[in-house]
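One-letter residues, chain by chain:
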Amino acid sequence: MKITMPPELVALQSFLAIGAVLFGVGLIGFLSRRNMIVMFLSAEMMLQGVSLSLVAWGRYHNDLGGQMLVIFIIAVAACEAAIALALVLMLFERKGNLDIAVWQELRESNQPPFEEEPPESEEAPADWPHLTRSGVLPKSISEKESYRRKV
Amino acid sequence: MKTLLLATLFLPAVAATLTGGGRMQARCWALVASLATLVGAIVLVAGFPIGAEDFAGTHWHWFAAMDKALDIQFSVGLDGLSLWLFALTALLLVVAVLVSWEAIKDQESLYYRFLLLLGTGMLGVFVARDIILFYLFFEFTLVPLFFLIGIWGSEQRRYAAIKFFLFTLAGSVLTLLGLLTIVLWDWNSGSGHPMTFSIPELTAHLQAHSMPYHLQVWLFLALFAGFAIKVPLFPLHTWLPLAHVEAPAAGSILLAGVLLKIGTYGFLRFSLPMLPDAAAACMPWMLWLSVAGILYGALVALAQTDLKRLIAYSSVSHLGFCMLGIFALNRVALQGGALQMINHGLSTGGLFALVGMLYQRYHTRRIADFGGIAREVPVLAFFMLFMTLASIGLPGLNGFVGEFLLLMGMFQRAWGTVATEWTVQYRVISVLAVSGVVLGAWYMLSLVARVFFGPLRERKHTEPITDLTLREVAALVPLCLVIVWIGVQPKFFLDRMAPAIDQLTGQAMCAADPKEELAQRRKGASEQRNEEMDDILKSAMEIAREP
Amino acid sequence: MESYIPKLLILIPTLPLLAAVVVAVLGKRVLREQSHWPVALALAGSCLASVLLIFAVQQAQKNHRHEHVVRLWTWAAVEGRGAGSGGQEANTQYPALITKNSVLSTKNSALITKNSVPTTPAFRMDIVLRADSLTAIMLGMVTFISTLVVIYASGYIHGDPGYWRFFAYVALFVFSMTMLVSVSNFVLLYVFWEAVGLCSYLLIGFWFEKPAAAAAGMKAFLVNRVGDFGFALGVFLLWTTFGTLDFHDSKVQTIPAADGHAATTVVHVDPQAVENPEIPGTVEHGIFGHWRLAQEHPFGEGSVVTAICLLLLVGACGKSAQFPLHVWLPDAMEGPSPVSALIHAATMVTAGVYLIARCTPLYAASLYAQEVVSTIGGFTALLAALIALTQTDLKRILAYSTVSQLGFMFLALGTGSQLGVTAGMFHLFTHAFFKALLFLGAGSVMHAMGGVIDLREFGGLRRKMPITHWTFLFGCLALSGIIPFAGFWSKDAILAAVAEKASEAPGSIYGYLSYGAMFTAFLTAFYTFRAYFLAFHGEERIPKEAGHHAHESPAVMTGPLVILAIGALTVGAYFQWTGDFLGHKDHPGFLMQTPSLTALQTEVVAEGSGPSHLTVALISTVVALAGIGLAWLFYIARRDLAESAAKLAKSLGLYTLSHGKFFIDEIDRALIVRPLEALAVLLAQIDRSVIDAVVNAFGAFPRALGATFRPLQGGLVQFYALVMALSVLALLGTLLW
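Chains as they are written, first to last, in the working numbering: chain R, 107 to 257; chain G, 9 to 555; chain A, -16 to 720.
In short, the hints are calculated from the structure, not lab data. Bear in mind that the values here come from a model prediction, so they are computed numbers and not experimental data. Mixed in with the good hints there might be a few duds.
Unchecked claim - Once the Cα atoms are required to be at most 30 Å apart in a straight line, the calculated BS3-like pairs of lysine-lysine come out as:
| no. | chain 1 | residue 1 | chain 2 | residue 2 |
| --- | --- | --- | --- | --- |
| 1 | G | 499 | A | 11 |
| 2 | G | 499 | A | 193 |
| 3 | A | 234 | A | -10 |
| 4 | A | 527 | A | 447 |
| 5 | A | 193 | A | 45 |
| 6 | A | 11 | A | 193 |
Hey, can you work out the whole structure from these sequences and the hints?
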């Protein structure tokens, strides 16, 4: 059975879907990344998702209020970006690191700080049969370097 | 007089904001301020006409919302009950400043600021005539004392300060709930008057239309939570010895002398007038708690090895006497109980001051470290013996008058009224209470004997011990004079107190007398009120109000 | 003369009070070694005033005015509900004091009868003094003895650093004691009852550096407090039963003020004004007032009056050192000897006797209470005499003898007859002379012996101290009851009263008490002369502590001794002869003019020196002589007999019992003091580990709750964000559900 929808509703749905995707991606990024700049970008992405749905609803209701608000948001977001990046810069200057996990002062005084455990070393690769080496041995990557800090 | 009351009330607080500078400047300033407060209080006492209900009253609409449906007033005034507590506070404030003179050696200006702020808080509690204002002052007293104990106390000061603060706060929150419920019930009870927070108005309303019995009991328990902890009534007393031991001498004086009285004052000002039926119904339980406090406090005091702890437990015992007098719910006992509030403030305040002076000289509070020091400090020994005798109720001094009146009233309750199922218990209570007087003499006199009499004990440090200075004598002499005054001529005090107490507690006294109808009414809580009963109560009230 | 009574009555206590204040203020700096002057002068003045008072009272009695009441000021007043309601409506039935309230009864009389609102009776207490024969006698005795003691003490205490303090305390004591016997109200009686106890406490602990003295002072105060506990209960019961605590009738007149001020209250206490119907006002019937005493059964017959009597007796036992509260008096001998003479022999300890004499009408209402009074008195007399037999401390022997003699007084008062009460008071009066004499004599010995008072340390002092020796002998003879010394007459009267009561009520306890009293009289003579012989006869032994002091005391000390010795010789015979005290057939005697005692007067008409009286006198004399003889035999003639007797008693355990004071102190300690102390320690432990622990548990609960959720606050921003996001999701989920 085919459901017929009015075209404006279809457009709304598409807009909303994209907005939701943007928001979701931003949210996941915000939660999973620890680089402050990336987190900030993710947050911006969430904001854009919301803005998009606002515009969509504004259009659907034939109300320019939504778009007006979005322009307002964009303006604010610009200011916010300036401040946020300045803050990030300051924070980086304090600790020389962009990792958000260095800043843990907001915990209860008697709780231990979050210590990053190095990932468990993978099991030694099975002893596959291999060809005799030829040429120069490629520069081996030490175990320490093989682990890249998740930033 | 209006201006004078306001000036006296806020003088310490204003002085506190202006205090500053070095040690000498701070303490002189505090002394001047407290003396001025005392002078104000004396003038108020002198001008107080017997029977006044709202002497030197000031009533401003403080903030009113919803077109004055919610009308919180800045309302202060003195009646016979407040008058003496007000004067006592002013007197003890001077004593506290004089006692702190040399004892406090760091951050003096901050110290005197807190002391003076505490003064205003305590004065305010007794003059407030509006529930919100009362509660404001009631809680406000906690803060300066918290810092006084927490900063200038001895070893365990933090723990003591926090325990004191939390314990009393926990109870007083329930009290606030109870008081607000009273206000709301009164507003909703359909008389059409705007919501009022004024204590006299509420009392009048509630005496005209009493609350349903069950609600009264719940509210009584809510108020009990705050006031009984303040008193402190056994078994809610454990914050008291700790706070006393850790507090600086001035803190102990004000704590024992004034702050404990806020509890008994609360019972007299709120529980009895506003919830008379509940008060009468809870009377046996309250009497048992009081007498338990009397005996328990006395016995535990007997086993103490620390001067301040001993006196702190003696406070538990004495406040038990106050509560016994209040809840014997008859006139003689109530007069005695109310007078005993003042008496305890004077004698225990004096005792704590003396212990502070001893500590300053000998740097110890352990009784075992003393012995025979009457030879070294005869004047101090004289004052200590004097205060001890006042505290154990020696006739001719103040303690006797209060104890005698309240025990007499208790006997009236036990033997002089129609027998009920409680009568036997009342008799046991009254005999036990009298035996508390014997125990009181025991622990206090053995304290004096162990500290002052016997051969002089060898001490390790050899710094010379000096007897009381003129300043210290000046701190104690006013207390002694008032103690003798009350002992020799209590009429002066009782006459001014009596009308207010009669007016406040008349209904509770009537309710406490055994009546069939009342018992019926208690069983069926929400039943229609018995018209005839109401008439009896009303006319009894009229009689009670007669001067 | 009569018009001076109020002034004299006020003057007598005021002079010592002024002296006390003067010495307390000026003593340390100004008066120093002259501190005795203000006190001695004031007491002499009081003494003079007391003598005048006696004459004034006597003269007034000729005009049939037996009671004089002076009201000074109102001490405390709690007005009754409604004007004038209260005492006069108080029902004497038990439980009393349900009065109908007139305002209420207009409303619904049927309801009121069922549920009347109980009125609190008006509580009004005035500072009131009274003068009657009983008071006048007590006042005269107290001021006379105290004057002599103060003169003596100015020599005895000489050189002590606390010289001024001593005289300030003594003056305060005399003030309290004179007030005690002249107040006209039970509360005031209680007030000064405790006040004399305080003075006793201060004076026993006068040398407070001595641990024994400090402990003895505290013991005295505490044991007295136990007695006061009973006294207070009795007073409260009196109040709840009779609605008043005044001795006298009074009339309260309320004058309404015109201009809206509080009404003024006028209280009339003058008996004539009270009975004058022209003066308006409500009459309050005092406990020993005219109205009540005129009733058939003024105090009802119920158990309440017995309870009141017994409770008052507990108070009297505490103050007058009767069993089982006698334990404090021997220890009180740690105080200076003049104090022992004044307070613990002559005056304060007789307050209990005074109380019971004053309450005679109350006791008359309860035969059971009378029997208890007599029994306690007789038992204490015997017990104390037995203990005194083996003591070696001269002052303790005298202390136990005081306890024993006070027991005699109780015994007499318990008979409840006219002869009994007069005999008790007569003995109180004569005893004050010879016991003060004995104590002062002991003090003189102690002074000479450098503070040693143990009879094993010294002896044979009769040549070194002739005046002390002779006066002490007079005291001993009086105490033993040898004719014509004072003690003979009064003790004889007591024995006669008991014998008479025993013959009136055959089979009652009085018969045994009569024999017991006779035996006690024998013991008294024996132990008194044992002490006398040991101290003044035999070979002369002087302890080394005496140093150069071992000589007769100065005149300022021997003077009072001589005066008291003359008194001990004559007062008994004089009053016996004039009949002023005991009365004759046709003339009831001065004491019996006391309003509260007049009720007894009608009972005995043909009493006097009847045949039974003579028999008793003969027996008691023989018994006393036998006691003295035995003492002479044991301690002068045949010392070996004494030792073998002691050996015999020891083998039976009697000696240990007597020497150990029947171990009453130890029993008290084991049964009362120790358990209470253990309870105190236990409760202190419970306070800390149970009650406070519960409080802390309340504190621990939120803390534990917090601890469980604390790890959530780990400080990782992203964790917070995650929780936020999940919460929003959860919220959305619930909204869209």
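> Which hints, by number, does the structure contradict?
Replying inline: Hint check: 1, 2, 5 fail, others pass.
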